[in-house]
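Respectively, the protein sequence lines represent chains A and B. Just so you know, numbering that gives the first Met the number 0 puts 53 at position 54 of the first sequence, and the rest follows in order with no gaps. Just so you know, numbering that gives the first Met the number 0 puts 70 at position 71 of the second sequence, and the rest follows in order with no gaps.
I should point out that these hints are in silico values taken from the structure, not numbers from a laboratory. Watch out, some of these pointers could steer you wrong.
Derived BS3-like pairs: lysine-lysine, alpha-carbon spacing no greater than 30 Å straight-line [stated by the list, open to error]:
no.	chain 1	residue 1	chain 2	residue 2
1	B	Lys102	A	Lys124
2	B	Lys145	A	Lys44
3	B	Lys75	A	Lys81
4	A	Lys273	B	Lys75
5	A	Lys116	A	Lys44
6	A	Lys53	B	Lys102
7	A	Lys124	B	Lys145
8	A	Lys309	B	Lys43
Residues from chain B that face chain A, not an exhaustive set, calculated with beta carbons under 8 Å [stated by the list, open to error]:
no.	residue
9	Phe122
10	Ile124
11	Leu128
12	Pro135
13	Ser161
14	Tyr179
15	Asn180
All residues carry an ideal CB built from backbone N, CA and C; glycine is no exception.
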Amino acid sequence: MGQGVFVAGLGAITAIGNNVPECYCSLEQSKAGIGDIQFLDTVHKGEIPVGEVKMDNQELGVIAGISGEFSRTILLSLIAAKEALADSEIDTSGSLRVGLVSANTVGGIDKTEDFFKDFLKDPAKGRLRKVFDHECGCITEMVADQLGIRRFMTTISTACSSSANSIAYGARLIRNNLLDVVISGGADTLTRYTLNGFNSLMILDHGLCRPFDDDRQGLNLGEGSAFLVLVSESVAKNLIHKPYCELKGYYNSNDAFHQTASSPEGTGPFLAMKGSLAGSGFLPQEMDYINLHGTGTPNNDAAEGRAILKLFGPNYPPGSSTKAYTGHTLGACGAIEAVFSILALKYSIVFPNLRFKTPMNGIPFLPVKELRKNIPVNNVMTNSFGFGGNCTSLIFSRY
Amino acid sequence: MSRLIKMGLAAALECLKSGNVDIPGAIITGTALGSIGDSGAFLKLITESDEENLSPTHFIQSTHNAVSAQIALTLKCHGYNQTYVHKGISFESALLDGVLYLKEGNTGGVLVGGTDEITDISFVILNRLGVIRRDPVSNLDLFKGKTRGTIEGEGAAFFLLSEKESMDNMAELVSGYTFYNPESHLEIEGEISSFLMRNALELKDIDLVITGKSGDAVNDRIYLLLAGSYFRGNPLANYKHLCGDYPTSSSFALWLACIILSGREVPPVIIEGGYQLSRPDKILIYNHYYNKYHSLMLVSTYKGVP
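Between the sequences and the hints, there should be enough to build the whole structure, so can you do that?
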């Protein structure tokens, strides 16, 4: 189907680094970024660990080049998108057709939360400025305006698979010859809204999360943003530095089981992984690494594990969940973990699944426990599954 | 089940039924704000209960993908499932994805919809922002005079896009296009002309132009300007006095265009300036969202295989 789609630039900001090199450094040193809440204003400080980006909004604003008064989601997005575009060294002011596809789950609700404190006491109160970033689309619009992108922009929100879908959609816009360059990714910031939402669902681990471990107690929330600069084959040929890799496969499927729970047999995850393999033309045994969705909740990891068993068993590729480093960054995790998977390709490395001790009952697939270096990593798969049954897998291959 | 999900699901199921499809190949929806009834309620709960002992129901229902997800869940549809949340072009984004999905050779049809709701809280905030008409106004008088503010609305409209040639098809979606932040009305005219040209058409080939006039003097300035010059020779129609203004209201306009093209009479209530219209063959829908996002959709009578 159509022409190839290549990755020309990367940008990321997470709990383990304010840019891609810093994130890589933490991954290579097995350094997690999860701990006590420092920046989020909540009663759960000291009680629920999270993966925060280690800067306040004013500091983020300085790096982003805009006021720190904007939603933290905008600040994080802009930092990662600017890094990705600069990394690609593509001149977007010329004749290339450039678009932005971003994703998030709660937009600028961090500001709306502050607005509500005053608004609920008196509907005539609350600074209206604080609701201007509320919509998910506001985040994308601000990034597009700052990067000077006018031709095309849109925003996707499919819960925790949001930014995996923005990457897949960016690729389709190129393959359909609508655009030459697409900056695809997403962001989410920690908010009282999501922290309390997940807490009320009782799926937060009050210690450090243990993805794919039999004793796992739930997830740790995180925040961050990542963007990939996707380019067409003809743009890839004229790049200043050669592309990182090719986006070979992507597939979106719905589990159609429950609004928040995965089906026990992992139907959606299985179909997403199988579909991305079919699209890429690879066989299961050709995958050298899987970046697992691996949230650390009993339900997700069991369903993902069973789907892997069914698709790959008995010859499992090395796999790990990097959420043990960053926390679960919701709408951003698809793009953040795509960046991490591409780093695994670039440096021929597989990151360990931190804190793994006990194999899950009935799942013979075991995540990687120690850093593996200088091993052949030619094809990587990354999984993102969300509420509402939205499941997406992506496959990247060495260029 | 929350209001927005109910609206979306009801419209989606009715759409599939009328298209005689049990399970579509893909489900794609657009919503600017998602279930603000639930997000507002959960925000209130967090604030008033000081973040303690919360029930997760509103949180679960508030995810923006809840409508697409609930349709998939109801139908047991494992196909492509997507949700666009980009302000005034959320529906247009969903529609473009649906068209691409079929162009890529996928089959089974695509269910595409637009949904947004109005709530007590959003009404108060929009009112404070000056978006809503301050004095009571009949919807039939919405376009009279030069006043700020509109009648806010809500709704869900769904479409089954089919890759198949069939005499049951209601209309042909010829093309759609959006553009951002035009600098002048001349740029807007240029974009519309180029759009028509790309479809081998001229303005004179368009039998009816449905525009997004909302009754707000600032919003309508562009429509009035174009009506007096660029669109002078075209019959014009309005729709926001029927459904109210909301970010995905262009889905209502597309629904209106489709039922007209499938053979229903043009409702006199939509026609501006006393035009007599018999059977339009080509309808252009032009809507803008705060003069930032501009959207064009071109639909024509389905003529079948030549």
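So, going through the hints one by one against the coordinates:
1. Taken as a hint, the B/Lys102 and A/Lys124 pair is broken in the structure, with Cα atoms around 50 Å apart against an allowance of 30 Å.
2. For the given pair, B/Lys145 sits about 52 Å from A/Lys44 by alpha-carbon distance, which is inconsistent with the 30 Å threshold.
3. With a CA separation close to 40 Å, the supplied pair B/Lys75 and A/Lys81 exceeds the 30 Å bound.
4. For the proposed pair A/Lys273 and B/Lys75, the alpha carbon gap of about 19 Å is at most 30 Å, so the pair holds.
5. Taking the CA atoms of A/Lys116 and A/Lys44, the gap is about 19 Å. The hint holds against a cut of 30 Å.
6. Restraint check: the Cα-Cα separation between A/Lys53 and B/Lys102 comes to about 45 Å, which exceeds 30 Å; the hinted pair is violated.
7. Between the alpha carbons of A/Lys124 and B/Lys145 the distance comes to roughly 29 Å, so the proposed pair stays at or under 30 Å and holds.
8. Between the alpha carbons of A/Lys309 and B/Lys43 the distance comes to roughly 44 Å, so the proposed pair goes past 30 Å and is violated.
9. The closest approach between the C-beta of B/Phe122 and any C-beta of chain A is roughly 10 Å, which is over the 8 Å cut-off, so the hint fails.
10. Given hint, B/Ile124 at the interface with chain A, holds; its Cβ is 6 Å from that chain's nearest Cβ, closer than 8 Å.
11. For B/Leu128, the shortest C-beta to C-beta distance to chain A is roughly 6 Å, which falls under 8 Å, so the interface hint holds.
12. Because the beta carbon of B/Pro135 sits about 20 Å from the nearest beta carbon in chain A, more than 8 Å, this interface hint is broken.
13. The criterion of a C-beta within 8 Å of any C-beta in chain A is not met by B/Ser161, whose closest approach is roughly 19 Å, and the hint is violated.
14. Evaluation of the B/Tyr179 hint against chain A yields a held restraint, the C-beta minimum of about 5 Å falling below 8 Å.
15. For B/Asn180, the shortest C-beta to C-beta distance to chain A is roughly 6 Å, which falls under 8 Å, so the interface hint holds.
In this structure, the earlier hints numbered 1, 2, 3, 6, 8, 9, 12, 13 are contradicted, and the remaining ones agree with it.
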